[in-house]
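Each chain, written out:
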Amino acid sequence: MKALNYLRADTIDSALQYLDEFKQDIRIIAGGTDLVVRLKQDMVKENNILDISRIKELNGIFRENGTIHVLPLTTHTDILESEVIDKYAFILREACATIGSPQIRNRGTLGGNIVNASPAGDSISALFVQTAKLKLKSINGERVVSIEEFFTGPGKTILKPNELLVDIFMPELEENETGFFKKLGQRDALAISVLNVAVKMRRRGAGTNTFDRAVVAFGAVAPTVVRGRRVENAIISSSLDSSKQIHYIARLAFREVSPISDIRASLKYRQDMSINLLYEGLLDLRANDWKRKT
Amino acid sequence: MVQTMDISFALNGKEYKLSVPANAVLLDIIRDKMHLTGTKEGCGRGECGACTILFNGRSVNACLILAPQADGAEIVTVEGADVERKLLSIQKAFVEEGAIQCGFCTPGMIMSSLYLLNKNPNPSISEIREGISGNLCRCTGYVKIIKAVERASKDIGK
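Residue numbers (the numbering used here), protein chains in the order written: chain R, 1 to 294; chain L, 295 to 452.
Since the hints were derived computationally from the structure, they do not count as laboratory data.
From chain L, some residues computed to sit far from chain R (all C-beta separations above 10 Å):
#1 Lys327
#2 Met328
#3 Gly392
#4 Gly397
#5 Ser418
#6 Ile419
#7 Asp449
Straight-line distance between alpha carbons at most 27 Å, and here's what the computed DSSO-like set of lysine-lysine pairs gives:
#8 R/Lys133 to R/Lys56
#9 L/Lys413 to L/Lys386
#10 R/Lys45 to R/Lys156
#11 L/Lys413 to R/Lys56
#12 R/Lys40 to L/Lys311
#13 R/Lys56 to R/Lys160
#14 L/Lys327 to R/Lys2
#15 R/Lys293 to L/Lys413
#16 R/Lys137 to R/Lys156
#17 R/Lys2 to R/Lys160
#18 L/Lys413 to R/Lys87
#19 L/Lys311 to R/Lys2
Only a predicted model underlies this, so the values are computations on that prediction, with no experimental measurement involved.
Heads up, the beta-carbon is just placed ideally off N, CA and C, and yes, glycines get one too.
Given only the sequences and the hints, what does the whole structure look like? Please build it.
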């Protein structure tokens, strides 16, 4: 590993000062599960490493006026152990449960998964369908952006060099909202998604197979996570009565994704599996009277 | 010039103060500076689990923690039976079940088992499999390891 200048901030203010001072030559470390691997491979050009892992103001989960806040230093294990998340953000919970291994989930943070901006980042598809917002702060002020606006390409975001992700928040899931996160990997543990899909739908009422709101997102099938708007519209405008109807809707996924072939899967396989994963997820939900799996 | 940082941590219940290079990982400090070589380096990138330790009570890959990040931490390695009594029972169960072949993954497996049993004293088979899912073993096929964790959970419960 090359020589580094290690800096540590214990407050948001001090982190923002460092970021502003070193601007183009500073990289943030939190859990380090991704960055340390890159440092070892000499893939990090910055010489200053800013450790934010001790900033207490950036760690925690809380509810406020129908919104659930998951602060960026929250680890995936914290998310899995939170009753609040289990109740009000269970799609995110399902996604975080598939990340890495116990050791990685114990150290890796939600904020890190977001700012790394991998098209295959598992939490990101779930945050898309839970319509999360991000608060970005610099010494000049702060701004709030939607999770969809945040990503511009693989590993690329709109985060400015002097900005810090300080909050991740989303509306609490309502009683009549359902959904799932599904991931296809080459194995169960320590697998990068070949692709993943997340769905959130609001049911019109008990006993019906109709929905008045739907959000669908696919991961690892395009340069960023993408929304499946044709699928969403089809869910809202039809009744999901039969497996045939569900398959018809799932087939629309084909037109939403623009995957590439890489070491994990071919383009064609990803296209086919985006349909199948969505189909399987919707069928499972229907078999359980549209209630989340527990 | 490599920057060094003065840090302190508790390792297996004892307090240490030392100076570490900013670009070292905790695994190297444990092995080369503290001379505790039970913790192994396999892949060096968080995939094999051979370097698993407890860091503030949670299992982590020591190969992915920058040494300065360990400042103030409480660390337990496979040598830490003085602070984690369950380690003895788990180690014994691994020996009795023949859950060790080449032995390279064993310290990491034992630390993941310890973390699991601290959280969940009576895990099911599938919970054990999930608990050791961050640890690779190329010898045993895992069956005997899973039996060993099961046996350890019963022994500790007695």
